[in-house]
Amino acid sequence: MSTVWPTGTRALRCGRVILFALLASMITCVPATADDAALQRLFRNELAPLLRTYCYDCHGESDGEGGLSLAADDSADKLVKGRQHWMRAKAQLQLGSMPPADYETMDTASRDRMVELIDQLANSINCVQNPNAGKVTLRRLNRTEYRNTIRDLTGVDYSPAKDFPGDDVGYGFDTIGDVLSLPPLLMEKYLDAAEDIVGQAIDTVPPPQSFAISVQPLKLKGANQFDGNRSLAMNHNGTVTLSLEAPFYGDYTVTMVVSGDQAGDAPVQIRVASGSKAFTISIPESDPTEKTVTFRLGKKKHDIDVSFLNDFYASKPNSREKEDRNFFLHNIEVHGTERRSKQLLDADLNPNHRRLLFVTPGKTDSFESAAAAVLSRFASRAYRRPASKQEASRLVQFAKQVHDDGATFEESMQVAMQAVLVSPHFLFRVEKPRTPDAQGRMPNINEYELATRISYFLWSSMPDDELLLMAHRGELRDQSKLREKVTRMIHDRRSSRFVGSFASQWLQLRNLERADPDTQVYHGFNETIRESMRIETLMFFSELMKKNQPVTRLIDADFTYLNESLAEFYGIPNVQGEAFRLVSLKDSQRGGLLTHGSILTVTSNPTRTSPVKRGKWILDNLLNMPPAPAPPNVPELDKGPLVGSLRDRMEQHRSNPACAACHKMMDPLGFALENFDAVGQFRTRDGQDEIDASGEMPDGTQFQGASGLRELLGSQRKEQFVRCLVEKLMTYSLGRGTEYYDKCAIDRIMSETQANEFRFVDVIIGIIESDPFQKQGFRE
0 MSTVWPTGTR ALRCGRVILF ALLASMITCV PATADDAALQ RLFRNELAPL
50 LRTYCYDCHG ESDGEGGLSL AADDSADKLV KGRQHWMRAK AQLQLGSMPP
100 ADYETMDTAS RDRMVELIDQ LANSINCVQN PNAGKVTLRR LNRTEYRNTI
150 RDLTGVDYSP AKDFPGDDVG YGFDTIGDVL SLPPLLMEKY LDAAEDIVGQ
200 AIDTVPPPQS FAISVQPLKL KGANQFDGNR SLAMNHNGTV TLSLEAPFYG
250 DYTVTMVVSG DQAGDAPVQI RVASGSKAFT ISIPESDPTE KTVTFRLGKK
300 KHDIDVSFLN DFYASKPNSR EKEDRNFFLH NIEVHGTERR SKQLLDADLN
350 PNHRRLLFVT PGKTDSFESA AAAVLSRFAS RAYRRPASKQ EASRLVQFAK
400 QVHDDGATFE ESMQVAMQAV LVSPHFLFRV EKPRTPDAQG RMPNINEYEL
450 ATRISYFLWS SMPDDELLLM AHRGELRDQS KLREKVTRMI HDRRSSRFVG
500 SFASQWLQLR NLERADPDTQ VYHGFNETIR ESMRIETLMF FSELMKKNQP
550 VTRLIDADFT YLNESLAEFY GIPNVQGEAF RLVSLKDSQR GGLLTHGSIL
600 TVTSNPTRTS PVKRGKWILD NLLNMPPAPA PPNVPELDKG PLVGSLRDRM
650 EQHRSNPACA ACHKMMDPLG FALENFDAVG QFRTRDGQDE IDASGEMPDG
700 TQFQGASGLR ELLGSQRKEQ FVRCLVEKLM TYSLGRGTEY YDKCAIDRIM
750 SETQANEFRF VDVIIGIIES DPFQKQGFRE
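Residues in the sequence shown are numbered from 0 upward in steps of one, following numbering that gives the first Met the number 0.
Read the hints as simulated data drawn from the structure, not as lab findings.
Any given hint could turn out to be false.
[As the list claims (entries may be wrong)] Estimated spans, in silico, between C-beta atoms of each pair:
no.	residue 1	residue 2	range
1	Glu512	Gln588	25 to 35 Å
2	Glu756	Arg778	33 to 43 Å
3	Thr518	Pro572	19 to 29 Å
4	Asn129	Glu751	14 to 24 Å
5	Glu465	Glu512	40 to 50 Å
[What the hints assert, rightly or not] For lysine-lysine, the following PhoX-like pairs were computed, each having C-alpha atoms within a straight-line distance of at most 20 Å:
no.	residue 1	residue 2
6	Lys300	Lys218
7	Lys134	Lys431
8	Lys545	Lys480
9	Lys341	Lys388
10	Lys298	Lys276
11	Lys399	Lys341
12	Lys388	Lys399
13	Lys134	Lys220
14	Lys341	Lys362
15	Lys220	Lys161
16	Lys399	Lys362
17	Lys299	Lys276
18	Lys300	Lys276
19	Lys341	Lys321
20	Lys161	Lys188
The structure presented is a predicted model; accordingly, all values stated were derived computationally and were not measured.
Yeah, the Cβ is synthetic: ideal placement off N, Cα and C, and Gly gets one too.
All chains should be modelled from the sequences, with the hints used to inform the complete structure.
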């Protein structure tokens, strides 16, 4: 920036230009249609003279302040390559922080023209001749999308939050393809989850009950009439009895370890009987061996009799020795297996089972035909497009293999569906790679891919049957039918997922759970109030969207949604009951998002407010101009004593040149909200100090309190706020950060929605109809 520096202000100059080099900014689009020669003339004849007048003294070719050399980019081509730092420069010009206050004053016309020229040259792109539509990295479903998709697909509400690894965040959102990786631990969790989910969704015949009992032979009824030490020795005909209390109807196998002393011309024979059923068993073995018999018994008490049938005792021929046939029972066990039907009764089936297995094998349907019908439909819904014949055939063959191994139809379907739920076509949002045509036109994604983009944008889940049917009919690019469907989707209960995901991340409401206000200082704050604050903001956002209000109402609305607890906490009378309802804020100090307790709490410290955090939050989320972290070469603050009010102390901090550059933009925005304490309650004093809620932007714009800040953002900075919101929505919906070539689409959305006051539904439809959303380009 060209001016004469007063003596001793070198450090101040360094501090101020740091922010020039580090602030990120939103991209304002002024489409260029000129050719390269015309752009070079524009640079040489118009921009270069302004740069020499206001910039090159500090940002020369070799000694650029803050590491930023603007003079080094001495042509239109180089300016395009240095787009990133030129966009930062443009942001500083827009805010009025450059040139610094002690430089030569830059008139408004020169400032506006310089902003326009930098934007036009750095972002030179012809919006008529096939601008790049961009390309998204293959996107894995994040935890929220996975849970919602599983619920909509199977009916099972499976919450993976406790077990799944957390999703990374990019550009402020957890929908960004570049950061949604698939680590091995998560793949293991998916495998376990698939088994659990289909087990809950599809009923199967419970496994049969089992029963086992082992009884020492000497303890059998009637054993006392025989000899024995460890084994029962039956030396004459007789019977011993095992009394069994059968716990279920089933097959009971009696296993006996037996042997015999053989004599005569026949082996030992025994009889095992229960009721009318009896088995005669020959035992020619002299060593212990197993013999088994099986009875089918009902659920009651049964006696199982073991009888020795053919005792024999006689002299051996021509000998004084005796022949003695005896029976030995060494051990007896009973093992029971329940007998139950392998068919499920319709009355016992859960609704998800009936919906998923809408056909089963029977007289008219073979296993293969029933499996093909079920799995083809399931895979098509899971993959968000028609499953190919090859995919369906592989699933059917897999299920048949399981069935041939003895599984029921239901069990076979469970296994095949598990395979679907761990397929990349389910876990990832797969889009077929495409290339531009011979004329360089970006190709459209197909209708099913478009349906998936729309559904995950507005519902964080898979397309419903209506959306898939529209894709099948090729109706999603019919503007009137698309608008009707999107409007219905916004009014569907599932749109609460979009509000909970997008609004919570954009407004940083997820930090509310971790906020820890000191309840010794702020006595009224508790968990009920914390949750009520969250509901207020999400309901406010949701109702504005569903009622198709201008998005600027987010800033300047004179109403909100409260229940009695939160209204009392805010000091607003005449709100009764714990149900949330519309409450007017006319003649109130409140209005719009900036005075919501949720926003004010997440931008405060535990014991006091933080104008810095609040100012930074506004720059980040409402103006898309986030201040960068302090660079490593910024010197430490002087450790002198600070006195006075919070504002006084902060202004003393800002007297340090290293701090002034950033804080002169953040602090005024935060000071405007000082009438609200660290939990969002209104006040006029901070302890003994009267609150000064005035603010002044670097360009000289002044405002007073929250109402003045709302007026500034809702009027002078109105289009900047709307553009910020459009970029945030586009980043969230596309799964990638916006690039310079997206400015054509953003400009078109701004232009087409401005006439209707930037209404919510119009903005959302504008994003869905935009080229980056509808087409596939390439990554630069």
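Taking the hints in turn, this is what the structure says about them:
A hinted range of 25 to 35 Å for the beta carbons of Glu512 and Gln588 is consistent with their spacing of about 27 Å. Range check, Glu756 to Arg778: Cβ separation about 35 Å, and the 33 to 43 Å hint holds. The hint said 19 to 29 Å for the Cβ distance between Thr518 and Pro572, and at roughly 24 Å that hint holds. Between Asn129 and Glu751 the Cβ separation comes to about 20 Å, which falls inside the hinted range of 14 to 24 Å.
Range check, Glu465 to Glu512: Cβ separation about 35 Å, and the 40 to 50 Å hint is violated. Taking the CA atoms of Lys300 and Lys218, the gap is about 18 Å. The hint holds against a cut of 20 Å. The hinted pair formed by Lys134 and Lys431 meets the criterion: a straight-line CA distance of about 11 Å does not exceed 20 Å. Taken as a hint, the Lys545 and Lys480 pair is honoured in the structure, with Cα atoms around 18 Å apart against an allowance of 20 Å.
Restraint check for Lys341 and Lys388: not satisfied, since their Cα atoms lie roughly 31 Å apart, outside the 20 Å limit. Pair hint Lys298 plus Lys276 holds up; C-alpha atoms about 16 Å apart against a cutoff of 20 Å. Restraint check: the Cα-Cα separation between Lys399 and Lys341 comes to about 17 Å, which is no more than 20 Å; the hinted pair holds. Distance check on the hinted pair: Lys388 and Lys399 sit about 16 Å apart at the alpha-carbon level, within 20 Å; holds.
About 83 Å separates the Cα atoms of Lys134 and Lys220, which puts this hinted pair outside 20 Å; it is violated. As the CA atoms of Lys341 and Lys362 are separated by approximately 17 Å, the hinted pair is consistent with the 20 Å bound. For a cut-off of 20 Å, the pair hint linking Lys220 to Lys161 is broken: about 57 Å separates their Cα positions. With a C-alpha separation of about 18 Å, the suggested pair Lys399 and Lys362 falls inside the 20 Å cut-off, and the hint holds.
A hinted pair counts as satisfied when its Cα atoms are at most 20 Å apart, and Lys299 with Lys276 qualifies at roughly 16 Å. Taking the CA atoms of Lys300 and Lys276, the gap is near 15 Å; set against the 20 Å cutoff, the hint holds. With a CA separation close to 57 Å, the supplied pair Lys341 and Lys321 exceeds the 20 Å bound. Using a Cα cut-off of 20 Å, the hinted pair Lys161 and Lys188 holds, with the two alpha carbons roughly 11 Å apart.
Consistency note: the structure conflicts with the earlier hints numbered 5, 9, 13, 15 and 19.
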